[in-house]
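J.: Required output: the full structure, derived from the provided sequences and hints.
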Amino acid sequence: MITLNAKIPEGPLEEKWTRYKASSKLVNPANKKKLDIIVIGTGLSGAGAASSLGELGYNVKVFCYQDSPRRAHSVAAQGGINAAKNYKNDGDNVYRLFYDMIKGGDFRAREANVYRIAEVSNQVIDHYTALGVPFAREYGGTLDTRSFGGVQVSRTFYAKGQTGQQCLLGAYSSLNRQIKAGTVKMFPRRDMLELVVIDGKARGIITRNLITGEIERHSAHAVVLATGGYGTVYYLSTLAVNSNASAAWKAYKKGAAFANPSFVQIHPTSIPQLNEFQSKLTLMSESLRNDGRIWVPKKKGDTRPANDIPEEERDYYLERRYPAFGNLVPRDVASRAAKERCDAGYGVGKTGLAVNLDFRDAIKKQGKKSIENKYGNLFDMYKAITGMNPYDEPMQIYPAGHYTMGGLWVDYELMTTIPGLFAIGESNFSDHGANRLGASSLMQAAGDGYFILPVTISSFLSGEIRIPRIPTDGPEFDEAEKSVRERLEKLLSIRGKQSAASFHKRLGKIMWDFCGMTRNEEGLKKAKEMVRALRSEFWSDLTVTGEGNDLNQQLEKAGRVADFLELAELMITDALNRKESCGAHFREESQTPDGEARRIDSEYSYVAAWEYNGENEPILNKEPLKFEFVELKERSYK
Amino acid sequence: MKLRLKIWRQKNAKTKGAFASYDLDGVSSDMSFLEMLDLLNSRLVSEGKEPVAFDHDCREGICGSCGMYINGYPHGPVPGLTTCHLSMRYFRDGETITIEPWRARPFPVIKDLIVDRSAMDKIQVAGGFISVTAGAAPEANNNLVRKHSSDLAFDSAICIGCGACVAACKNASAMLFVSARVSQYALLPQGRPEAKERVRAMVEEMDRQGFGNCSNTGACEAQCPKQIKLFNIARLNREYYRSY
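Residue numbers (this note's numbering), protein chains in the order written: chain A, 1 to 638; chain B, 639 to 882.
Some hints could be false.
Subject to a maximum C-alpha distance of 20 Å in a straight line, what follows is the list of computed EDC-like cross-link-like pairs (lysine to aspartate or glutamate) [what the hints assert, rightly or not]:
1. LYS505/A - ASP668/B
2. LYS88/A - ASP291/A
3. LYS25/A - GLU10/A
4. LYS180/A - GLU842/B
5. LYS687/B - ASP541/A
6. LYS180/A - GLU843/B
7. LYS638/A - GLU596/A
8. LYS652/B - ASP550/A
9. LYS640/B - ASP668/B
10. LYS640/B - GLU276/A
11. LYS497/A - GLU685/B
12. LYS253/A - GLU486/A
13. LYS365/A - GLU319/A
14. LYS185/A - ASP754/B
15. LYS490/A - GLU479/A
16. LYS654/B - ASP550/A
17. LYS785/B - ASP144/A
18. LYS383/A - ASP668/B
19. LYS298/A - GLU340/A
20. LYS687/B - GLU556/A
21. LYS687/B - GLU489/A
Simulated DEER-style distance windows between Cβ atoms [as the list claims (entries may be wrong)]:
22. ALA22/A - PRO717/B: 52 to 58 Å
23. GLY352/A - ARG730/B: 27 to 33 Å
24. ASN93/A - SER666/B: 50 to 56 Å
25. LYS525/A - SER666/B: 32 to 38 Å
26. ARG730/B - GLU319/A: 42 to 48 Å
From chain B, some residues computed to sit far from chain A (all C-beta separations above 10 Å) [to be verified]:
27. LYS640
28. LEU641
29. PHE657
30. ASP663
31. ARG730
32. ASP731
33. THR736
34. ALA810
35. LYS867
No wet-lab data here; the hints were simulated from the structure.
Every residue, glycine too, gets a C-beta built ideally from N, C-alpha and C.
T.: What follows is the structure in structure tokens.
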């Protein structure tokens, strides 16, 4: 068994981070030059960390699978980024942001980490603004904010519906500055295929050059994973189609505990599936719920066009069920409510798997121009994809797999259970509990990358200053490279009949049906058997065309799907273990009489950190969650 | 619908490429252009043939990975859309569609429809940033920015770096791409302190990477999926002159 030591500093909540910074060990500038750090991923967390570490003087090597670091999937975040600036004078502060996240996460996150991210949120906004990120502004020249799902203050900074793109390009620019300065070396079009552990510490990686197929060795004193989430396990999701879990999965199999893998956020407002060949679901920002009203017809199977249905025959079910928050309830609540209406036969659209998101009243009240200013690009995108004009008729939306709150277990220093291996941004588990609030992912990724990891990593690295540059010809590298080569050869040599994509599609369906918006014991047990059967079919009937020593997208895909087929089982195992409902994890056996999630604090107030155990069932390690500063409450939005 | 596809196939940068023709049926008008290519590839894989390689990722028009000439137009015939957002609704049953990689000297073909766009990153590395170290930023509202300037900066900043402007230009000029970044920073007070060094460094690198000059045909603006405006190039030129 591994031991989970969260290393939370002593003292009152609001002093922990200050105390940590005051007493943590530093690395002197002359020694920083001698220390190498590998960062995998160039999204908000990875690019932020790499540039910050470069600024501090470390030698940084950064890897991404895309052809350019500017394409990491943070680019697609739409709605905004939170900070406790209180620019709207609406009573916001660090504590309130912290509390909203703890409550939004349904009391399954670690207090100290959440408070810290709320604390650094303001610095993130200052930094992005200084980097030239064109956030929306008021006429007086100050920054504008808007409100977002699950909270009652206006703390979300935004750049139309492209906040993620603008923040990412800011992060990309700071990364470029360090590439020019020579502190950061960039390796695009690389897949990380193995983690190298030497004497119990993460010391390097094996990558595949996606153009030449070359297998490469890279060593460092520490490795930082900034590889995002694993939502593409559902095949259809709001993620980039090449987003994958492979780097995190390799780390898990080398001994890093994987925490709460079943905590997956299903986003309520995505464009519904239009055809069976669809490769992804496009998100419509949650910010649309600020002005759009969600409804379905009161009559079952009503096929009239939305505009022909009179007011009194519309069921604004979120406003009806949750009068205090209305259309702004958190994502998990909104998603389940949509599923409930559609399952009951009130859904709209071709498939009946959609609900209306209607801007009629907002346009009437604020004018078309104002709505266009706020959401113009989203409306255009919707029209381009569906051919329907949301200025004239309601959008049709349905939930889609989106964000994974689960991820690699990390301590307060963002270090995994493998010393020297760190996980930041969406790839770790620590800040969002069982459900993430809107506009908190950019905040956390940027906070981890720019302001937290660069401080905490020195606590580990200060003990490494006597270790010379790690050679890449040792037995651990030989072994890791050998296993990578063997696996690639195996994938190429099956020569069966089915493509990796077809397996991925089938896996996605199993996960969506049984380990998606709602789960139950019977379904999960069935799904586990189905995933196992699919996995053995994969390894006997996969086909991969082409060669290994060449650009081969089939081979890339096959490796990623192979890992998803294993991760899926761990997600199911975790969902089976957690017999309570909390946040996005809704166990049908654990609900209140009116259909809301019923948390069971006496039994499940812990982080489930799973430890790899070879072919056997994984080992469950529990990190008890202690709530010293907030009172555990039922999470109500009524 | 049923389509005839003429697609550029090229094994790698060293070998010569050629068009290959494929007949594809079962295409639905609901599909995106890339989903249509997915369908072709799944057929090719099931026949044991090598699928067509193309870059793609977010499939929602924002990452800038995808891009190809479709019937001679970068990202296809519909203005304001990336290839991944181009719907098959815009094509007719029985149509022949010609698909090629970006054709520009600074973008060598890697395989089939995939080209090497690293020259664009190199221009950004040369100067596409504001030199501020994490921790050094002033309080965000200390610098007031006129809303109009900020909105204009945003309109320039939405470039996705796909390379369609270069592909559309008969000179393979990257002026629209470079001008979008230069404009974003030129319009914001945060970008002014090193405006001169930035514009010179980026223009110099653009030339070094072999991009051509601008001759004001406006093809870049017409084909830009994000509809970045030509007047950014005027601003780039002005910034460049002012830097000396």
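J.: Could you run down the list of hints and mark each one as holding or not?
T.: Quick rundown of the hints versus the structure:
no.	hint	verdict
1	LYS505/A - ASP668/B	holds, 18 Å
2	LYS88/A - ASP291/A	holds, 19 Å
3	LYS25/A - GLU10/A	holds, 16 Å
4	LYS180/A - GLU842/B	holds, 15 Å
5	LYS687/B - ASP541/A	holds, 17 Å
6	LYS180/A - GLU843/B	holds, 12 Å
7	LYS638/A - GLU596/A	holds, 11 Å
8	LYS652/B - ASP550/A	holds, 13 Å
9	LYS640/B - ASP668/B	holds, 14 Å
10	LYS640/B - GLU276/A	holds, 17 Å
11	LYS497/A - GLU685/B	holds, 9 Å
12	LYS253/A - GLU486/A	holds, 16 Å
13	LYS365/A - GLU319/A	holds, 18 Å
14	LYS185/A - ASP754/B	holds, 18 Å
15	LYS490/A - GLU479/A	holds, 16 Å
16	LYS654/B - ASP550/A	holds, 16 Å
17	LYS785/B - ASP144/A	holds, 10 Å
18	LYS383/A - ASP668/B	holds, 13 Å
19	LYS298/A - GLU340/A	holds, 14 Å
20	LYS687/B - GLU556/A	holds, 17 Å
21	LYS687/B - GLU489/A	holds, 19 Å
22	ALA22/A - PRO717/B: 52 to 58 Å	holds, 57 Å
23	GLY352/A - ARG730/B: 27 to 33 Å	holds, 30 Å
24	ASN93/A - SER666/B: 50 to 56 Å	holds, 52 Å
25	LYS525/A - SER666/B: 32 to 38 Å	holds, 36 Å
26	ARG730/B - GLU319/A: 42 to 48 Å	holds, 45 Å
27	LYS640	holds, 15 Å
28	LEU641	holds, 14 Å
29	PHE657	holds, 20 Å
30	ASP663	holds, 13 Å
31	ARG730	holds, 16 Å
32	ASP731	holds, 16 Å
33	THR736	holds, 22 Å
34	ALA810	holds, 18 Å
35	LYS867	holds, 15 Å
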